[in-house]
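Asks: All chains, full assembly: derive it from the sequences and hints.
Number of protein chains: 2
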Amino acid sequence: MDTPVQYRPLTPEELGARLSTVAAVTGRIGTDPDTWEVREVGDGNLNLVFIVEGPEGTVIVKQALPYVRLVGDSWPLPLYRAFFENHALVRQAARAPGSVPEVFHFDEDQALIVMEYLAPHKILRRKLIDGEKVEGLGAFLGEFCARTAFRGSELSMKSADKKKDVGLFAGNVEIPAITEALVFTDPYYDAEMNHHTEGLDPVVRELRANGVLKAKAQRLLMKFASNTETMVHGDLHSGSIMATGSDTRVIDPEFAQYGPLGFDLGMLIANFLMAYFSQPAHRGPESLDDYQEWILEVIAGTLSAFEAEFRQLWKTERTGMLYPAALFEDQGQSSDFARDTLLEEIRTDAFGFCGIEMHRRTLSLAHNADFEEIGDKTLKSRLEARNLIMGADLVLKAHSINTTEALLTLARQFNKKDVL
Amino acid sequence: MDTPVQYRPLTPEELGARLSTVAAVTGRIGTDPDTWEVREVGDGNLNLVFIVEGPEGTVIVKQALPYVRLVGDSWPLPLYRAFFENHALVRQAARAPGSVPEVFHFDEDQALIVMEYLAPHKILRRKLIDGEKVEGLGAFLGEFCARTAFRGSELSMKSADKKKDVGLFAGNVEIPAITEALVFTDPYYDAEMNHHTEGLDPVVRELRANGVLKAKAQRLLMKFASNTETMVHGDLHSGSIMATGSDTRVIDPEFAQYGPLGFDLGMLIANFLMAYFSQPAHRGPESLDDYQEWILEVIAGTLSAFEAEFRQLWKTERTGMLYPAALFEDQGQSSDFARDTLLEEIRTDAFGFCGIEMHRRTLSLAHNADFEEIGDKTLKSRLEARNLIMGADLVLKAHSINTTEALLTLARQFNKKDVL
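One line per chain: the protein sequences are A and B, in this order.
Per the numbering used here, the very first residue in the first sequence carries number 2; after that it's consecutive.
Per the numbering used here, the very first residue in the second sequence carries number 2; after that it's consecutive.
Rather than coming from a laboratory, the hints here were simulated on the basis of the structure.
Just to be clear, a hint being listed does not mean it is correct.
It does not matter which identical chain is used: a pair holds within one copy or between any two.
Calculated cross-link-like contacts (lysine to aspartate or glutamate; reagent style DMTMM-like; alpha-carbon spacing at most 25 Å) [as the list claims (entries may be wrong)]: (1) 159 to 318; (2) 165 to 287; (3) 224 to 330; (4) 165 to 103; (5) 398 to 207; (6) 224 to 162; (7) 134 to 33; (8) 165 to 191; (9) 316 to 191; (10) 159 to 191; (11) 224 to 181; (12) 398 to 341; (13) 165 to 181; (14) 378 to 287; (15) 398 to 294; (16) 224 to 331; (17) 316 to 162; (18) 159 to 175; (19) 159 to 193; (20) 159 to 181.
Keep in mind that this is a model prediction, so the values were computed, not measured.
Replies: Here you go:
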C-alpha cells in the first residue's frame, strides 16, 4: 500500500528523459525525446495525464498521483490503482474488443500506463454540454456494458478463473471505499465534503428525512460492496467516455472492482439523465427539444443494445457454471424465462444505482460539469431539483419501472415539473 | 494447491509418535504417547478424525484427506481446506464465543487441527433420528447464525478488514465448487453422481421439467457464488452440530466462504425440515406428533432467536459502513424500517436456500441419514416426496412465506400430504 521508493511524479520537462528508454514509447513516436512535444492535459482529480507527440506518432502517458488532487494532498490514495486500471483495461479489451484504449506499457513502480492516444475524440460530457450528437452511441455503450458484464461473470468465465480474479481485485480497498462513501452514503447526510447549490435546501431536507429512501440506498450500497457478479468499470460516467461524431471509447477504469451486473449500466444512464435535465441551461429553444429527445434516444439505445447483446451472449457464450445448458437446452427446455427474469433484476438494480448517482453528483463531493457550468444559480437549482426528485423516484420505485418507455416518460415528466 | 511433500495421512499407530512433540497436545493429555488411546472416528467423507485420550485429558485430531473419501481417491480435494477451517473456527469463536470447539494447534503442512474434544456430545442428526430433545437448541443456533452473520459483515466489520478477508477466502476455489455443483445444479438434471430412491421418479421428473424452479435455483446459485455479505459456515446441517441434552456446538466449518447473510440459516432449517418429514419412519404413534412438533418449535426458536439477536446487534454493534447511525439515529430518525426490510430479505434468501438443500439431500450425491436409514423403500420415497415438494414450494414462493407460522403451517400440510 505504500508509495514505492522509486516513484516520482512526472513533469513535462522530465518526461522525455524518463521515457526515452521505453521501447513501447519510442517504437511508436520516435526515439529522440528532444523531438517530442509534451502537454499535461489531466483534468481529473487523481492523475497526471500527458499527451506525448513525436515525429512518428502520439501516445498518452497516465500516471497516478498518491493523493486526490481535488482536495490537495490531504487525501492519500494508493498508487496501486494504476495496477488495477491496467488489469481492467486488459480485461475490457479482451471482453469488448475495440472499446478501450490499447495499453502499450505499464510501469507498476511509477504507477504509469502508456496507452493509445485517441484523436480527434473529445470527452463525451463536453459534447453533451455543447449539444453534439454521436452516431451509434447508445448501441456502443449498451454492447460495452453487456459484453463486459456477461464475459466477466460466471455466466461465461470458468469459476476458478473468476474467483482468482476476485481475490486479485479484493486487494483494492481504498478505491471502492471512495465510491462507497461518496456515492451511497454522503448524499444522505450532512457529510463534511458535501456541497450543493443553495436553493436546493428544501429538496435536500426532504431526501434526508426519508428513511425509506435511505434504507434503499444502503441496501444498494450493500449490493455494491458485497457482490462479485462481474468486473465493473466502476465509474462509467460521460467523463469516462470519449467520442468523435461516430466513434466512441471508454476510458479510465481505475475504479474497476467486482460488483453487480447492472452497476455500470445504471451509472451511465444517470449521467445521461443529468445531461438531459441540464440542457435548458445550455441550449436555446430552437434545438432544446431535439437534443433532449436525442439524449433519451441514447438511453433507450443503450438499454436495448444491452439487452440484445446480453441475449446474444446468453445464446452463444453461456459457458460458465451459471444457468448451464445441462439444465435447460440439453433437456429440451428453453432458458428464456431464466434469462428474462435475470435481465429484469439487472435492470431494476441499474435503475436503483442510477438514482443514487443522480443524487451524489448534485449533493456529494464530486459534481459534474453538466450542472456546474450553469452560471444562473436559480436555474441551476431548479434543474438540479428535477434531477434529485427523479433520482429519488428511481431509488424508491426501481421495481415498478418495468420498461424503457416508463423510464423516459418519467424523465419527460420531471423535465416539465418544478419542485422549487 | 498441491499436496505438500511432508504431508502424510495419520494412522492410529503412528499418531502417538507424530504428535508427541506437539506441546498443545502433550500439555493437555499427557507427555507419554504410550499411555494414549487413539480411536479413528471419522464418519465424514473428507477427513480423518481421531479421539486421542491420555491420562490427563482428551483432544480431537482432525486431518484433511487429499480426496473425497465417499468416492475413493478419484476426486481430489485440496488439503488447504484445513487452512480455511482453522481460519473459520478462529473467527467463529470470536464472533459467537463458546459456540465452536477451541483450536489448540494447527499444522498447515499436515492439514491437521488439534481441537477441543466435546463430550458427551453426540451428532445432532443422530439425536434427531433417535428422538432426543436438546434444551435451548433453537435459541443457540439462531444466535450463532445471527452473531456470525452480523459480526462477519460490513454491518459490523471495518471494510478494510472485511475486504482483506474476502481476498483470503477467495483462494478457496475447489470447496465452493462442490457446493455450487452438488447443491444448486446437480439435483435438477441427471448428473453423473446423483442417486435417488426408486419410487421418486414421477416427482423428480416434475421438478426437472419446471423451468421456473430451475431459474430460481440458478439465481440462488449466483447469489451464493457472487456474494460476500459475510463469512458463512457453508455446511450448517445437523451433522455439523453436536449436542448433549442441553449444550450445543457447531463443528466442521471447512466449507466456510463469503456468502449471503441468510445462507447458514436456510441450510439449517432445511435439515430440521428433513428431520421432521423423516420422523414417521423413526417413531411410533405414541411419540411421533410430540417429537415432530418439537422439531418445528426448534425451527421457530431458531428463526426468532436469529431475528432477536440480529436486532440486538443492530442496536449495539452497528459499527461498519453499512446503514451507519449518521444516516438514521444521528439525524433523530429510526433505522427500524431499514433493519426490518433487511431481515425480510435475509429470511426470503434463507427460505430459498432451504428449499434447494431439501432437494439436493434427496437427489444429489450426499444424502442424509434421516432418510437413508429408512429400510422400507416405499415409506422412504413417500416421506422424501413430501420433502421434495415442500422444497419446491420454498424455492418458488420464498417471497410470499412471510412469517415463521406460515413456514410451519406449510410443513404440517405437507406432512399429511401424499404426492406419490
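Asks: Hint by hint, note whether the structure agrees.
Replies: Here's how the hints hold up against the structure:
When the C-alpha separation of residue 159 and residue 318 is checked against a cutoff of 25 Å, the pair qualifies only within one copy, where the shortest distance is 12 Å, while the shortest distance between copies is 38 Å. In this assembly of identical chains, the alpha carbons of residue 165 and residue 287 never lie at most 25 Å apart, being 54 Å within a copy and 55 Å across copies at closest. Within a single copy, residue 224 and residue 330 get their C-alpha atoms only as close as 31 Å, which misses the 25 Å cut-off; across copies the closest is 22 Å, which meets it. Taking the shortest Cα distances, residue 165 and residue 103 sit within 25 Å of each other inside one copy (24 Å), while across copies they are farther apart (31 Å).
In this assembly of identical chains, the alpha carbons of residue 398 and residue 207 lie at most 25 Å apart only when taken from the same copy (17 Å versus 36 Å across copies). For a Cα distance limit of 25 Å, the shortest separation of residue 224 from residue 162 qualifies both inside one copy, at 22 Å, and across copies, at 18 Å. In the homo-oligomer, the alpha carbons of residue 134 and residue 33 never lie at most 25 Å apart, since the shortest distance is 39 Å inside one protomer and 85 Å across protomers. Neither within a single protomer nor between protomers do residue 165 and residue 191 lie at most 25 Å apart by alpha-carbon distance, with minima of 39 Å and 29 Å respectively.
Taking the closest pair of Cα atoms, residue 316 and residue 191 come within 25 Å of each other only across two copies (22 Å); inside a single copy the shortest separation is 48 Å, beyond that limit. Within a single copy, residue 159 and residue 191 get their C-alpha atoms only as close as 44 Å, which misses the 25 Å cut-off; across copies the closest is 22 Å, which meets it. In this assembly of identical chains, the alpha carbons of residue 224 and residue 181 lie at most 25 Å apart whether taken from the same copy (11 Å) or from different copies (21 Å). For a Cα distance limit of 25 Å, the shortest separation of residue 398 from residue 341 qualifies both inside one copy, at 20 Å, and across copies, at 18 Å.
For the homomeric pair residue 165 and residue 181, the shortest alpha-carbon distances inside one copy (23 Å) and between copies (16 Å) are both at most 25 Å. In this assembly of identical chains, the alpha carbons of residue 378 and residue 287 lie at most 25 Å apart only when taken from the same copy (23 Å versus 81 Å across copies). Taking the shortest alpha-carbon separations for residue 398 and residue 294, only the intra-copy value of 23 Å comes in at or below 25 Å, while the best inter-copy value is 41 Å. In this assembly of identical chains, the alpha carbons of residue 224 and residue 331 lie at most 25 Å apart only when taken from different copies (24 Å versus 33 Å within one copy).
Taking the shortest alpha-carbon separations for residue 316 and residue 162, only the intra-copy value of 21 Å comes in at or below 25 Å, while the best inter-copy value is 40 Å. Taking the closest pair of Cα atoms, residue 159 and residue 175 come within 25 Å of each other only across two copies (12 Å); inside a single copy the shortest separation is 28 Å, beyond that limit. With identical chains, the CA atoms of residue 159 and residue 193 are at most 25 Å apart between copies only, with a shortest distance of 20 Å across copies and 43 Å within one. Only between protomers do residue 159 and residue 181 lie at most 25 Å apart by alpha-carbon distance; the minimum there is 13 Å, versus 29 Å within a single protomer.
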